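S.K.: In case you want the letters, here they are:
Protein chains: 2
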Amino acid sequence: MSRYLLKLSYDGTAYHGWQIQPNGITVQQVICDSLKKMLGDDIPVTGCSRTDAGVHAREFCCHIDTKLDLPKNAFLKGLNSVLPDDIKVTDCKAVSDDFHARYSCKGKRYSYCFYFGKPDPFAERYALRLEKKPDLTLMNKFCKTIIGKHDFYAFSSSKRTVTDTVRTVTECDIIEKGDKIYLKIAADGFLYNMVRIIAGTALAVGEGRLPCDCAIKMFESKDRALGGETLPAKALFLEEVFY
Amino acid sequence: MSRYLLKLSYDGTAYHGWQIQPNGITVQQVICDSLKKMLGDDIPVTGCSRTDAGVHAREFCCHIDTKLDLPKNAFLKGLNSVLPDDIKVTDCKAVSDDFHARYSCKGKRYSYCFYFGKPDPFAERYALRLEKKPDLTLMNKFCKTIIGKHDFYAFSSSKRTVTDTVRTVTECDIIEKGDKIYLKIAADGFLYNMVRIIAGTALAVGEGRLPCDCAIKMFESKDRALGGETLPAKALFLEEVFY
Numbered sequence: 005m006s007r008y009l010l011k012l013s014y015d016g017t018a019y020h021g022w023q024i025q026p027n028g029i030t031v032q033q034v035i036c037d038s039l040k041k042m043l044g045d046d047i048p049v050t051g052c053s054r055t056d057a058g059v060h061a062r063e064f065c066c067h068i069d070t071k072l073d074l075p076k077n078a079f080l081k082g083l084n085s086v087l088p089d090d091i092k093v094t095d096c097k098a099v100s101d102d103f104h105a106r107y108s109c110k111g112k113r114y115s116y117c118f119y120f121g122k123p124d125p126f127a128e129r130y131a132l133r134l135e136k137k138p139d140l141t142l143m144n145k146f147c148k149t150i151i152g153k154h155d156f157y158a159f160s161s162s163k164r165t166v167t168d169t170v171r172t173v174t175e176c177d178i179i180e181k182g183d184k185i186y187l188k189i190a191a192d193g194f195l196y197n198m199v200r201i202i203a204g205t206a207l208a209v210g211e212g213r214l215p216c217d218c219a220i221k222m223f224e225s226k227d228r229a230l231g232g233e234t235l236p237a238k239a240l241f242l243e244e245v246f247y
Numbered sequence: 005m006s007r008y009l010l011k012l013s014y015d016g017t018a019y020h021g022w023q024i025q026p027n028g029i030t031v032q033q034v035i036c037d038s039l040k041k042m043l044g045d046d047i048p049v050t051g052c053s054r055t056d057a058g059v060h061a062r063e064f065c066c067h068i069d070t071k072l073d074l075p076k077n078a079f080l081k082g083l084n085s086v087l088p089d090d091i092k093v094t095d096c097k098a099v100s101d102d103f104h105a106r107y108s109c110k111g112k113r114y115s116y117c118f119y120f121g122k123p124d125p126f127a128e129r130y131a132l133r134l135e136k137k138p139d140l141t142l143m144n145k146f147c148k149t150i151i152g153k154h155d156f157y158a159f160s161s162s163k164r165t166v167t168d169t170v171r172t173v174t175e176c177d178i179i180e181k182g183d184k185i186y187l188k189i190a191a192d193g194f195l196y197n198m199v200r201i202i203a204g205t206a207l208a209v210g211e212g213r214l215p216c217d218c219a220i221k222m223f224e225s226k227d228r229a230l231g232g233e234t235l236p237a238k239a240l241f242l243e244e245v246f247y
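Chains A and B supply the protein sequences, listed in that same order.
Anchor point for the first sequence: position 91 equals 95 in my numbering, and the numbering is continuous, going up by one each time.
Anchor point for the second sequence: position 105 equals 109 in my numbering, and the numbering is continuous, going up by one each time.
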C-alpha cells in the first residue's frame, strides 16, 4: 500500500461540508465516488478537517491509501476529468505511511471576505456585503488581541466536539483590496465556527458596536454573548494547510 | 404610467437565460416575481435582448411601466432584498415613454473569458480552461478582421430567428490579465450564438487549427463549417448595453 497526499480546491456552495453524512452531498462523497469511477476501487479518503456546509477551500488536504501506483500528471488529469467543475484536485504526492492528513496537520490559514458598495451577484457568492465600510483601524486593533495562545471557548459554537479549547493564533490581519476586505487568520487549530465568530466580532468592532478589547474579556469570561454574530459560511475560505 | 429603466447584474449559471419560458426558471421570471412580491402588482418587464441559458450579465437593461412612483434608493434596496444572491438590480431611472429597452438599444459589449494553468473551481464557473496558452498575436489578427460591417451569417447558429444577418462590430480585442484571456467585442447587434462562435474561431486561430484570415472566407461563403466550435455559455458575459 502507498499513501498519497491530495490537494483539493473547491467551491463549497453546493455541498454540505467535507464529511460524508446521510442528509446531503458532501465533498468527501464526491471525491470517493470519483476515485471509484476512475480507479474502480473503494478508496477511503481522510481529510485534514471537517468544513461546514457552504465553506470554500482554495486548498484542502486529504490522504488516500492505494495499492496502485499513481503517476502524478495522468492521475490529476484523469481525476479532474471525472470531478465536477466546483471541485478540482491540484496536487498529488507520495507520502510516508505515518503521514496523516488530520493528525500531521500543524495549522491552517483561513480568510473571511467582506465587500462594500453596490450589491454584486458575482461578489455575493463569496463575500458578505456591508452597507458601509467599517473602521479598519479598529478591526486591526481587535485582530492584534486575538494573536497568541488563548482559550477560544467564547469564540466557538455550543456544538463544539472538543474539551480543550486553547488554540494558538499566529496571524490575524485585516487586508483591504479594492472594494473587498479580508480577515486573514492562521492558527495551530480551529474550533467549531471559530473563524465565523471572530469575523463577526471583528465586524462589530469595526462598526462601533463592540469595544476593541472585547476579546480579552471573552477569553477570561468564556462568555459567547460578549462577541459578535456568527457570520454566514459563504464568505469563508480555507486558504492553506500547514504540515 | 411612468417608464423606468432598470439595470441588472446576474450570475446566469442557475437560469435558462433571460426570457420567460415554460421549461425552466429564467431571470425575467425572477424579476417579475420579485416586483410582484415588492409592489403587489403584475408589472410587465421588457429586456434589452434574450440571453442564452448559463450566460452572465455584468449589465443587463430592461424597462418597466408602473403607476407607482419609485424613489430610487428605497426601490433598489427593497428589490434587492427580495432578489436572490445571483441577481441584483444596480440602477433605476425614469425614462421617457418612447424609450424601449430593446428597440432603443444602439449596441452591446460582451466578453468571453479563458484561463490557462491548473484547474481552478473558482475560475471554472466563469471561464473556459485551456491546457496551453494560445498565440495571442494570431488571435488579435483574427479579431481585427471581425471589426467592421459584415454579413455574420456564418457566425450564427442555425436556430437564428432573423433574416438580416449583417452587423457592425465596433470593437474586437484580446486582453490578457494574469492567467486569464478576455475576448472583448462590441457591435450594434448580435446574432444567435455569435459571440460564442467568434470566440471559438478566435481560439482555433490561436491554437493554430484555423488560419488568421478565416473570417474573410466565412463572410463570403456564409459557411459555418469554416469556423471554430460554439464555446460553452458559462464564460460569456454581457458587459454593457448602449443607448
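Hints listed in this document are in silico derivations from the structure and should not be mistaken for laboratory results.
Warning: the hint list may mix true and false statements.
Remember, identical chains collapse to one label, so a pair may be satisfied in a single copy or spanning two.
As the list claims (entries may be wrong) - Once the Cα atoms are required to be at most 20 Å apart in a straight line, the calculated PhoX-like pairs of lysine-lysine come out as:
{"#": "1", "residue 1": "11", "residue 2": "122"}
{"#": "2", "residue 1": "76", "residue 2": "110"}
{"#": "3", "residue 1": "41", "residue 2": "110"}
{"#": "4", "residue 1": "145", "residue 2": "184"}
Please read all numbers here as calculations on a predicted model, not as lab measurements.
S.K.: Now look at each hint and say whether the structure bears it out.
M.R.: Tested hints:
no., hint, in the structure
1, 11 / 122, "between (35 Å within a copy, 12 Å between copies)"
2, 76 / 110, "neither (25 Å within a copy, 52 Å between copies)"
3, 41 / 110, "neither (32 Å within a copy, 51 Å between copies)"
4, 145 / 184, "within (19 Å within a copy, 37 Å between copies)"
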